[in-house]
Amino acid sequence: MRRFGDLDLAEDALHEALIEALVRWPREGEPDNPAAWLVSVGRSKAIDHLRRAHRRPDKEAAALRGGHVPTDDVDELAILDDHLVADDQLALILLCCHPALNHDAQVALTLRTVAGLTTDEIARGFMIDVAAMYQRLVRAKHKIRLAGIPFGVPERERLSERLDAVMQVIYLVFSEGYASARDDEFIRHELCGEAIRLGRTLSVLVPDEPEVLGLLALMLLHDARAPGRLGPDGVIVTLEHQDRSSWRHGQIAEGVVLIDRALVLRRRGRYQIEAAIAALHSGAPSAEVTDWAQIDALYKTLRRYVPTPVVALNAAVARGMARGADAGLEMIEELVAAGELNRFHLLHATRGELLARAGRITEAIAEITTAATLAPSEAERRFLERRLGQLV
Amino acid sequence: MKYMLLLADDPELAASVDQAEMMQEYFAFSQRIAESGEMVAGDALHANTTASTVRTRNGSTTVTDGPFAETKEQIGGVYVVDVPSLDRALELAAMIPASRTGSVEVRPVMEFS
Numbered sequence: 136m137r138r139f140g141d142l143d144l145a146e147d148a149l150h151e152a153l154i155e156a157l158v159r160w161p162r163e164g165e166p167d168n169p170a171a172w173l174v175s176v177g178r179s180k181a182i183d184h185l186r187r188a189h190r191r192p193d194k195e196a197a198a199l200r201g202g203h204v205p206t207d208d209v210d211e212l213a214i215l216d217d218h219l220v221a222d223d224q225l226a227l228i229l230l231c232c233h234p235a236l237n238h239d240a241q242v243a244l245t246l247r248t249v250a251g252l253t254t255d256e257i258a259r260g261f262m263i264d265v266a267a268m269y270q271r272l273v274r275a276k277h278k279i280r281l282a283g284i285p286f287g288v289p290e291r292e293r294l295s296e297r298l299d300a301v302m303q304v305i306y307l308v309f310s311e312g313y314a315s316a317r318d319d320e321f322i323r324h325e326l327c328g329e330a331i332r333l334g335r336t337l338s339v340l341v342p343d344e345p346e347v348l349g350l351l352a353l354m355l356l357h358d359a360r361a362p363g364r365l366g367p368d369g370v371i372v373t374l375e376h377q378d379r380s381s382w383r384h385g386q387i388a389e390g391v392v393l394i395d396r397a398l399v400l401r402r403r404g405r406y407q408i409e410a411a412i413a414a415l416h417s418g419a420p421s422a423e424v425t426d427w428a429q430i431d432a433l434y435k436t437l438r439r440y441v442p443t444p445v446v447a448l449n450a451a452v453a454r455g456m457a458r459g460a461d462a463g464l465e466m467i468e469e470l471v472a473a474g475e476l477n478r479f480h481l482l483h484a485t486r487g488e489l490l491a492r493a494g495r496i497t498e499a500i501a502e503i504t505t506a507a508t509l510a511p512s513e514a515e516r517r518f519l520e521r522r523l524g525q526l527v
Numbered sequence: 003m004k005y006m007l008l009l010a011d012d013p014e015l016a017a018s019v020d021q022a023e024m025m026q027e028y029f030a031f032s033q034r035i036a037e038s039g040e041m042v043a044g045d046a047l048h049a050n051t052t053a054s055t056v057r058t059r060n061g062s063t064t065v066t067d068g069p070f071a072e073t074k075e076q077i078g079g080v081y082v083v084d085v086p087s088l089d090r091a092l093e094l095a096a097m098i099p100a101s102r103t104g105s106v107e108v109r110p111v112m113e114f115s
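Just so you know, the sequences run in chain order A and B. Heads up, the first sequence is in the numbering used here, so the first residue is 136 and it goes up one at a time. Heads up, the second sequence is in the numbering used here, so the first residue is 3 and it goes up one at a time.
Be aware that a few hints might be false.
Across the chosen pairs, the derived CB separations fall in these ranges [unchecked claim]:
| id | chain 1 | residue 1 | chain 2 | residue 2 | range |
| --- | --- | --- | --- | --- | --- |
| 1 | A | Thr443 | B | Ala43 | 39 to 47 Å |
| 2 | A | His277 | B | Ala43 | 21 to 29 Å |
| 3 | A | Asp426 | B | Arg59 | 33 to 41 Å |
| 4 | A | Glu520 | B | Met112 | 53 to 61 Å |
| 5 | B | Ala43 | A | Asp222 | 31 to 39 Å |
| 6 | A | Asp426 | B | Asp84 | 56 to 64 Å |
| 7 | B | Met41 | A | Thr443 | 46 to 54 Å |
| 8 | B | Met41 | A | His277 | 27 to 35 Å |
| 9 | A | Gly369 | B | Val19 | 56 to 64 Å |
| 10 | B | Arg102 | A | Glu520 | 46 to 54 Å |
| 11 | B | Thr51 | A | Glu320 | 28 to 36 Å |
| 12 | A | Val273 | B | Gln33 | 31 to 39 Å |
No more than 20 Å apart at the CA atoms, straight line, and that leaves these computed lysine to aspartate or glutamate pairs for EDC-like [claimed, not checked]:
| id | chain 1 | residue 1 | chain 2 | residue 2 |
| --- | --- | --- | --- | --- |
| 13 | A | Lys276 | A | Asp264 |
| 14 | B | Lys4 | B | Asp45 |
| 15 | A | Lys276 | B | Asp89 |
| 16 | A | Lys276 | B | Glu113 |
| 17 | A | Lys276 | A | Asp255 |
| 18 | B | Lys4 | B | Glu40 |
Note that these hints are calculated values from the structure, not bench results. Here the structure is a predicted model, which is why all the values come from computation and not from measurement. Where a beta carbon is used, it is the ideal one built from N, C-alpha and C, also for glycine.
Please work from the sequences and hints to get the whole structure.
This is the structure in structure tokens:
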């Protein structure tokens, strides 16, 4: 790392700091800024390690000559202040999400090093073998060291590029938790929680970056609806049928405050737009009185930032609500013609719903049947089968 | 005329021979072409698991992990640069025209101390 040139050393030092925290906090009380405390204690531990590892010959030579010997207290620790500590945390996150590392490695390293999960927990989170996850982490650290990936915060202009990668990693962790590909567990609360914690940390470290605020707002707003997303029988409840009183309204309020703060900074981006859409849903007392026209307009903007078929699919849903099923179907047909999403269950589910709303029941049943066979999780499969039962 | 000799090993075959003997052979070869004045620069690279690849399209640069996957791309030249960190090496790579017409693979050079 910038200071210690070795991620393992920094990580070991941070672990020692954590152990020290476990011993000291119950005795002395938690410090005002626990994260900063950990990093600063971690750093002094790393310095201890370095001292033990090799005493500097120049220092010893100076001692022999009777010259000035820097004492242990001054050389490194005197320059510590809160700002520097925050910088180190940000540098660590940027290092873990460096674009020269692949996405899997970025996610694994961030969860291990920044969020502090164990290799075992991360392996379980992403359904891979512990040994394979361990290898992935070793390979990533190996690459950081050998390829000379630097530890530090780049200047403003490059920082926002690098933050894009960090936000992608955080959102990836959140998305895996929000709609898991895992067969037995549709919502993975622990992954959503980790992603939100990481988003919070990032929003403290770079408080003037509107997309960072937008991402945190987006995650909070989505996660706030979690209690209504599954019925007592574990079957998915769609937005329009959710019990809105079950939503976490305090969390929604926090998300709305964050998105307002982001919009004031007047640099738009995908996460802010998505958060604005989520805020409109969260603030509406029911699906019927939702401001679909504004959501439709926001999706139109979002498609310029994120020109992917999945966003186009969501836009088609909004269009269908704002201007009627036929308008939505028109957009769906474009997607079907493009062919990229034809194996994606939600394309067929959405098309089926719009067809049903347009009164074309036979076609709707065929589409939802296709969707059910393509659904990746048990919760979604059961939901689609139940929907079929209602249509037949 | 200058030639770049890009050494590509089959990892399985390379692992099957005696490593010390092979290193001896490399040292001997290097010494021989150095003495004959034929060597311009020669270095060993770390494994391709440490590679990063830079592409520039429509003015925006992407960095990916690993060596270039497009098999139709051919090695057309090489630079050896000495910079403080990977970030600077990636910046330089993005300035090379090949990052627009193909890609530039950035590989750390081994240092023997």
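So, going through the hints one by one against the coordinates:
1. A:Thr443 - B:Ala43: 39 to 47 Å: Check passed, 44 Å falls within 39 to 47 Å.
2. A:His277 - B:Ala43: 21 to 29 Å: Roughly 25 Å apart at Cβ, these two residues keep to the hinted range, so it holds.
3. A:Asp426 - B:Arg59: 33 to 41 Å: holds, 38 Å
4. A:Glu520 - B:Met112: 53 to 61 Å: holds, 58 Å
5. B:Ala43 - A:Asp222: 31 to 39 Å: Roughly 38 Å apart at Cβ, these two residues keep to the hinted range, so it holds.
6. A:Asp426 - B:Asp84: 56 to 64 Å: holds, 58 Å
7. B:Met41 - A:Thr443: 46 to 54 Å: holds, 50 Å
8. B:Met41 - A:His277: 27 to 35 Å: holds, 30 Å
9. A:Gly369 - B:Val19: 56 to 64 Å: holds, 58 Å
10. B:Arg102 - A:Glu520: 46 to 54 Å: Cβ of B:Arg102 to Cβ of A:Glu520: about 51 Å, so the range 46 to 54 Å holds.
11. B:Thr51 - A:Glu320: 28 to 36 Å: Check passed, 33 Å falls within 28 to 36 Å.
12. A:Val273 - B:Gln33: 31 to 39 Å: Holds, since A:Val273 and B:Gln33 (Cβ atoms, about 35 Å apart) stay within the stated range.
13. A:Lys276 - A:Asp264: This hinted pair holds, its Cα atoms lying about 19 Å apart.
14. B:Lys4 - B:Asp45: holds, 16 Å
15. A:Lys276 - B:Asp89: Holds: A:Lys276 and B:Asp89 sit about 16 Å apart, inside 20 Å.
16. A:Lys276 - B:Glu113: Holds. A:Lys276 to B:Glu113 sits at ~18 Å (cutoff 20 Å).
17. A:Lys276 - A:Asp255: Roughly 17 Å between the alpha carbons, so the hint for A:Lys276 and A:Asp255 holds.
18. B:Lys4 - B:Glu40: At roughly 9 Å apart (the allowed maximum being 20 Å), B:Glu40 and B:Lys4 satisfy the hint.
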